[in-house]
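Protein chains: 4
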Amino acid sequence: MQTMRANVFHGVNNIAVEEVPRPRAGVGEAVIRITLTTICGTDLHILRGEYPVKPGLIIGHEPVGVIEELGPGVTGYEIGDRVLVGAITPCGQCRGCLSGQSSQCGRDSGYEAIGGWRFGNTINGAQAEYLLVPNAQANLAKIPDDVSDEQVILLADIASTGFSGAESGQVRIGDTVVVFAQGPIGLCATAGARLMGASFVIGVDSDPNRMKMSRHMGADVVLNFAEQDVAAEVKRLTGGGADVAIEALGTQSTFETALRSLRPGGTLSSLGVYSGKLAVPYDAFAAGIGDYKIITTLCPGGKERMRRLIETVRNGRVDLTPLLTHTFSLDNIAAAYDLFGSRSDNVLKVAIKP
Amino acid sequence: MQTMRANVFHGVNNIAVEEVPRPRAGVGEAVIRITLTTICGTDLHILRGEYPVKPGLIIGHEPVGVIEELGPGVTGYEIGDRVLVGAITPCGQCRGCLSGQSSQCGRDSGYEAIGGWRFGNTINGAQAEYLLVPNAQANLAKIPDDVSDEQVILLADIASTGFSGAESGQVRIGDTVVVFAQGPIGLCATAGARLMGASFVIGVDSDPNRMKMSRHMGADVVLNFAEQDVAAEVKRLTGGGADVAIEALGTQSTFETALRSLRPGGTLSSLGVYSGKLAVPYDAFAAGIGDYKIITTLCPGGKERMRRLIETVRNGRVDLTPLLTHTFSLDNIAAAYDLFGSRSDNVLKVAIKP
Amino acid sequence: MQTMRANVFHGVNNIAVEEVPRPRAGVGEAVIRITLTTICGTDLHILRGEYPVKPGLIIGHEPVGVIEELGPGVTGYEIGDRVLVGAITPCGQCRGCLSGQSSQCGRDSGYEAIGGWRFGNTINGAQAEYLLVPNAQANLAKIPDDVSDEQVILLADIASTGFSGAESGQVRIGDTVVVFAQGPIGLCATAGARLMGASFVIGVDSDPNRMKMSRHMGADVVLNFAEQDVAAEVKRLTGGGADVAIEALGTQSTFETALRSLRPGGTLSSLGVYSGKLAVPYDAFAAGIGDYKIITTLCPGGKERMRRLIETVRNGRVDLTPLLTHTFSLDNIAAAYDLFGSRSDNVLKVAIKP
Amino acid sequence: MQTMRANVFHGVNNIAVEEVPRPRAGVGEAVIRITLTTICGTDLHILRGEYPVKPGLIIGHEPVGVIEELGPGVTGYEIGDRVLVGAITPCGQCRGCLSGQSSQCGRDSGYEAIGGWRFGNTINGAQAEYLLVPNAQANLAKIPDDVSDEQVILLADIASTGFSGAESGQVRIGDTVVVFAQGPIGLCATAGARLMGASFVIGVDSDPNRMKMSRHMGADVVLNFAEQDVAAEVKRLTGGGADVAIEALGTQSTFETALRSLRPGGTLSSLGVYSGKLAVPYDAFAAGIGDYKIITTLCPGGKERMRRLIETVRNGRVDLTPLLTHTFSLDNIAAAYDLFGSRSDNVLKVAIKP
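Chain order of the listed sequences is D, A, H and R. Numbered according to the numbering used here, the first sequence spans residues 40 to 393. Numbered according to the numbering used here, the second sequence spans residues 40 to 393. Numbered according to the numbering used here, the third sequence spans residues 40 to 393. Numbered according to the numbering used here, the fourth sequence spans residues 40 to 393.
Since the hints were derived computationally from the structure, they do not count as laboratory data. We put the CB at the ideal spot given by N, CA and C, even for glycine. One thing to keep in mind: the hints can contain errors.
The following residues of chain H were derived to be distant from chain D, with all beta-carbon distances above 10 angstroms [said to hold, decoys possible]:
#1 Val105
#2 Pro129
#3 Ser138
#4 Asn174
#5 Ser187
Residues on chain H that point at chain R, a partial pick, calculated with CB under 8 angstroms [stated by the list, open to error]:
#6 Val56
#7 Val92
#8 Gln143
#9 Asp147
#10 Gly289
#11 Thr290
#12 Gln291
#13 Ser292
#14 Ala323
#15 Val386
#16 Val389
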């Protein structure tokens with residue numbers, strides 16, 4: 040049996056790069072050799088025990104690689120093709136997928152909440168030398184030769200998620216949009232709002248580096264929540280409230296301030312992963328009759344989503360490489376987790392090379 | 040100065056039918072002689088002091104009547120035309136209205152939360168012999184001769200609101216829909232879900248008469264929340280959760296159970312008027328990444344909405360007259376409030392005739 | 040090698056039921072034993088040489104049957120399960136499918152026009168004892184025990200197509216809808232318009248039996264195009280033009296009259312299969328600036344579409360069995376083609392039982 | 040009676056600047072003193088007799104000016120406010136407007152095809168010193184002090200129209216878009232496609248100056264229809280056809296090539312004003328079952344549309360001033376028509392200053 044190096048979760052605050060069996064492709068599956076991956080905030084939650092996964096699992100869900108093996112029934116690809124695979128890997132054939140909600144893919148069991156997120160959650164993930172891709176026919180997106188691994192790696196999760204914040208908010212030409220938190224996902228939401236034609240984009244954060252990056256990614260104004268009443272300032276700047284507020288952190292404070300920043304009839308597009316109860320303040324909600332909308336979205340995946348995002352990068356519509364601030368080898372991934380977890384050295388995203 | 044009889048709010052639990060000045064139509068306005076009106080649950084909230092309005096205000100917002108006077112600039116109507124006016128009277132010319140959100144009409148001040156609701160809220164209402172209709176050009180819907188006052192009076196508010204629950208939920212052919220609370224609005228939401236092609240509609244209430252009426256208005260199954268775990272039963276009946284849940288009461292319990300009744304990616308269409316904080320349970324919400332949508336809606340108004348609903352009644356698509364269970368004269372409206380407030384005698388809606 | 044009886048196309052006006060090899064299920068495929076099928080107008084076009092297919096092909100694309108064999112990779116089913124398969128069999132995993140346009144499924148080659156229609160077009164079809172179902176995971180819809188084969192067979196094509204006419208027209212509560220031609224698909228479009236809440240539905244045909252059936256399926260009024268100026272009458276009945284016109288035949292005359300029957304800004308939802316050039320009259324189109332929309336739709340397929348339609352039938356929302364006017368054995372299918380082609384004996388659809 | 044200078048249409052090829060009565064504001068109306076206007080291609084059609092209007096009419100429909108007089112019932116404005124008024128002036132209060140189709144405004148008579156276009160069509164227009172604005176409450180958009188007349192004048196028609204080509208095409212992040220004809224409207228459609236997130240935009244024209252400007256406004260590639268098979272090249276560049284094709288000229292050739300340039304299921308967003316019959320080629324249309332959509336759009340107007348577009352310009356999202364290539368006085372407007380009509384000197388749009 041062939042083996043490979045992989046980053047295995049053994050329990051709270053216990054991960055280790057070790058030798059494990061290398062996967063083989065079954066029916067409808069593929070194996071790719073990872074050439075680039077990264078660490079997501081969700082991986083930190085797993086490491087800290089805030090999001091439970093099974094001990095023994097290889098974590099990570101953002102893969103770029105080269106096809107090593109194709110299982111029966113996967114057609115149109117060749118060994119050696121360079122591919123991007125989304126963090127979410129829908130099957131394309133279940134009730135959820137066929138209803139257009141592929142992130143809630145249930146495979147053969149109807150809908151399953153968050154069922155489309157499998158890598159590093161319910162099956163082995165991408166922080167490894169090789170990765171088994173389920174439902175490969177629906178999930179292998181070829182990368183054109185003129186696009187680098189570094190240009191596309193962040194499309195797998197944070198850009199697909201961030202852009203979806205603007206998409207679910209149905210941003211239109213002329214809209215005002217405010218984006219709460221300017222971490223990697225919030226920064227991509229800011230870029231997404233610009234991409235869709237928002238006439239005025241407001242970023243919200245308190246970290247000076249992230250505030251600066253917010254302007255770089257498209258914000259017209261960046262507000263420091265530690266220094267001002269953000270909802271009041273958004274209402275002032277937009278003449279009554281933003282058309283769309285995007286929440287990209289997952290806290291009561293950002294959620295509530297996002298709601299308070301909207302004009303009547305506005306849309307709160309929520310990307311954050313929340314813990315505990317979330318309160319919807321009566322007054323911020325016009326008692327339920329303000330025509331407000333709260334839309335939550337899990338990262339869209341699948342090869343067609345990835346193809347579209349690759350084309351967006353390829354044609355220069357957005358450049359995500361400034362978010363990739365540091366590079367580590369797979370064997371040194373523990374240091375990458377330390378850096379990423381500490382948010383030191385202005386880290387935004389780290390590149391991991393097996 | 041001519042006078043008229045009207046039901047005036049003087050303070051908490053203090054209303055009286057008395058002689059007041061009769062309104063005159065200014066630019067863009069009309070005066071109608073009320074031939075039929077009714078009492079809304081919101082009027083009870085006002086009476087009880089739960090929703091504040093100015094003492095001295097004539098209350099009521101559901102008017103059918105005959106045009107008595109037309110102000111300058113109102114064209115295409117004649118004195119004597121029989122008309123229905125929606126509870127919400129958008130101006131059609133402000134930022135909110137021109138953005139397609141006429142219930143949040145701000146007239147000249149951008150958007151204004153709930154700004155489209157004026158009758159019996161910010162201007163004199165319909166429980167009177169005469170009613171001044173603002174922005175008459177946008178709000179007078181002619182009633183065809185072959186349709187009675189009784190057939191259309193409930194379109195002004197509860198049917199427009201109830202149907203909007205299904206519309207905002209974007210019910211499609213084949214959807215499963217559950218409607219929480221089967222009072223007048225919930226019953227209309229049930230009818231609306233059927234109208235839009237839901238393949239399976241579940242009503243939820245505990246009052247035997249309302250449960251019976253729920254089936255009459257289109258529910259396939261009616262669940263008694265006092266006797267069973269509604270969310271679990273909905274999930275069982277729908278094979279994993281309803282596509283759309285409509286909340287038609289405005290309580291934490293109905294809101295939360297509605298959310299728990301949904302399949303991943305489902306839509307909670309909320310019609311209720313809430314008081315206090317509303318909690319969104321973390322688990323019912325898949326931590327924010329279940330692709331759930333929460334859509335709130337205030338009754339759509341304006342003459343075109345009314346025209347469409349009148350045609351729906353006229354062609355026999357829905358019959359709302361069974362909901363009009365009792366009739367009172369305007370002078371006897373206090374007794375009507377008592378009956379309506381006590382929910383006795385299987386009352387659903389009361390007809391008030393000046 | 041096992042054989043089976045099947046209706047094979049050999050050339051123009053040349054079909055024959057004969058013994059052919061019985062299919063076997065490969066990776067991701069299934070074989071079903073057909074228990075009920077039918078003949079579509081498109082099959083007549085094939086027979087007459089108006090739509091070309093390869094000689095030697097088994098035709099027919101509307102199958103109900105029992106699972107006989109499951110290929111590798113198909114899970115969640117058992118031999119003996121009774122299933123409905125749509126006329127259109129999307130793969131769920133290609134660019135078209137993952138973009139929500141599964142009728143234009145391209146499998147591995149991007150989008151392919153009409154690519155989702157394979158049965159009796161590019162692969163063997165359903166007028167046979169056994170049928171090979173490609174992409175079985177996405178296409179086998181289980182039939183509940185309390186629903187008969189006869190109740191669901193017409194969902195495979197004509198009801199899915201007919202309903203889609205109303206769906207693509209985005210029919211809303213209160214809309215007026217006119218449906219051109221009341222053959223099987225037009226009758227289902229009429230039913231679909233009713234299902235979605237149209238307040239007034241006008242059927243158009245000239246055959247007395249079809250006009251009668253039109254009223255049965257939901258039309259409020261049926262117009263005889265041979266006796267009156269349909270566009271003028273629709274404009275009169277609707278007060279200026281229908282909100283939605285559904286074309287269900289595929290001729291210049293019905294297309295053009297449909298366009299002329301619309302109000303400004305209305306939608307022409309086109310289901311017909313056209314031949315030759317189609318002219319859009321300048322005047323009927325307001326020179327291109329009337330905000331008209333022309334939407335064409337190919338029958339939606341896939342197991343989730345079929346599941347939703349089965350539930351619609353199961354709960355009594357629509358009853359399609361009156362359209363199934365005659366029954367033939369597979370060996371006697373030539374007589375069925377004759378009857379169906381001649382439109383004699385008030386035939387609408389014929390049931391074929393292998 | 041006060042008089043003013045205005046450009047009056049007297050018959051085919053017969054316009055003259057002359058002294059005419061100055062308008063006064065009635066109920067709901069306003070008079071603005073024009074500070075900047077322009078000539079539209081439609082004005083050329085009028086001049087040439089290709090689009091009939093009544094002799095004696097002042098033509099032109101693109102006004103920037105200063106409020107001179109406010110009629111009764113117009114509130115929230117002051118004499119002297121600088122305003123932009125859209126080419127389309129919806130009333131906001133009729134069936135069309137209240138249905139969200141304000142360009143087909145019928146005022147009091149239901150829907151009226153193209154009814155929202157009044158200036159220089161059914162009432163006096165903007166090529167004059169003063170302009171009567173009907174339904175002023177819905178149509179006066181204040182211009183912020185930091186935005187010049189020149190920056191916003193093209194929003195009244197060509198930018199609102201051009202952007203609507205992308206909006207009606209529902210361009211999404213990652214879409215490929217091809218725009219046929221790169222005159223003023225087509226150039227704005229190109230800019231609109233970019234604004235909405237198209238990943239790849241193809242312009243089509245043959246005039247070298249317009250091809251160059253096309254790249255300036257956002258096209259990635261510009262094709263010369265005189266030198267190549269545009270449909271084939273679009274299919275090659277997009278890997279099977281564009282997601283959206285925008286037609287911005289109004290000829291059979293551009294319409295047909297646009298249709299042939301689409302992928303299956305794509306959208307043809309048509310802005311052109313056609314004359315004569317338009318043929319939809321059977322093959323380009325997949326016989327009606329390719330899920331193609333043809334959407335036509337008339338310039339959206341109203342003060343909220345103008346406000347949103349002004350904000351888009353104000354925040355630097357698009358700069359339309361390069362399209363304003365020449366400037367003339369009102370008294371010299373005949374020379375401006377000559378230049379504009381001849382397309383000489385690389386003219387795109389001319390500024391007219393009364």
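Now for the hints, and whether the structure bears them out:
1. No Cβ of chain D approaches the Cβ of Val105/H within 10 angstroms, the least distance being about 19 angstroms, so the stated non-interface status holds.
2. At the 10 angstroms boundary, the C-beta of Pro129/H falls inside the reach of chain D, the nearest C-beta of that chain being 8 angstroms off.
3. At roughly 6 angstroms, the least C-beta separation between Ser138/H and chain D is not larger than 10 angstroms, which violates its mark as non-interface.
4. A beta-carbon of chain D comes within 10 angstroms of the beta-carbon of Asn174/H; the shortest separation is about 7 angstroms.
5. Residue-level check passed: Ser187/H sits 23 angstroms from the nearest beta carbon of chain D, beyond 10 angstroms.
6. A distance limit of 8 angstroms between C-beta atoms decides the matter here; for Val56/H the minimum to chain R is near 28 angstroms, and the interface restraint is violated.
7. Interface restraint check for Val92/H: the shortest CB-CB distance to chain R comes to about 14 angstroms, outside 8 angstroms, so the restraint is violated.
8. This hint holds: Gln143/H has a C-beta 4 angstroms from the nearest C-beta of chain R, less than the 8 angstroms allowed.
9. Contact between Asp147/H and chain R, as hinted, is not supported at the beta carbon level, the nearest pair being about 12 angstroms apart and thus beyond 8 angstroms.
10. Hint on Gly289/H holds. Least Cβ distance to chain R is approximately 6 angstroms, under the 8 angstroms limit.
11. Taking 8 angstroms as the C-beta cut-off, the interface hint given for Thr290/H is violated, the closest approach to chain R being about 11 angstroms.
12. Look at Gln291/H: its Cβ only gets to about 10 angstroms from chain R, farther than 8 angstroms, so that hint breaks.
13. With a least beta-carbon distance of about 14 angstroms to chain R, the hint placing Ser292/H at the interface is violated under the 8 angstroms criterion.
14. Here the hint on Ala323/H is broken, as its CB sits about 10 angstroms from the closest CB of chain R, past 8 angstroms.
15. For Val386/H, the interface hint is violated, the least distance from its beta-carbon to any beta-carbon of chain R being 24 angstroms, above 8 angstroms.
16. Because the closest C-beta pair between Val389/H and chain R is about 23 angstroms apart, greater than 8 angstroms, the hint is violated.
Hints 2, 3, 4, 6, 7, 9, 11, 12, 13, 14, 15 and 16, counting from the list given before, are not met by this structure.
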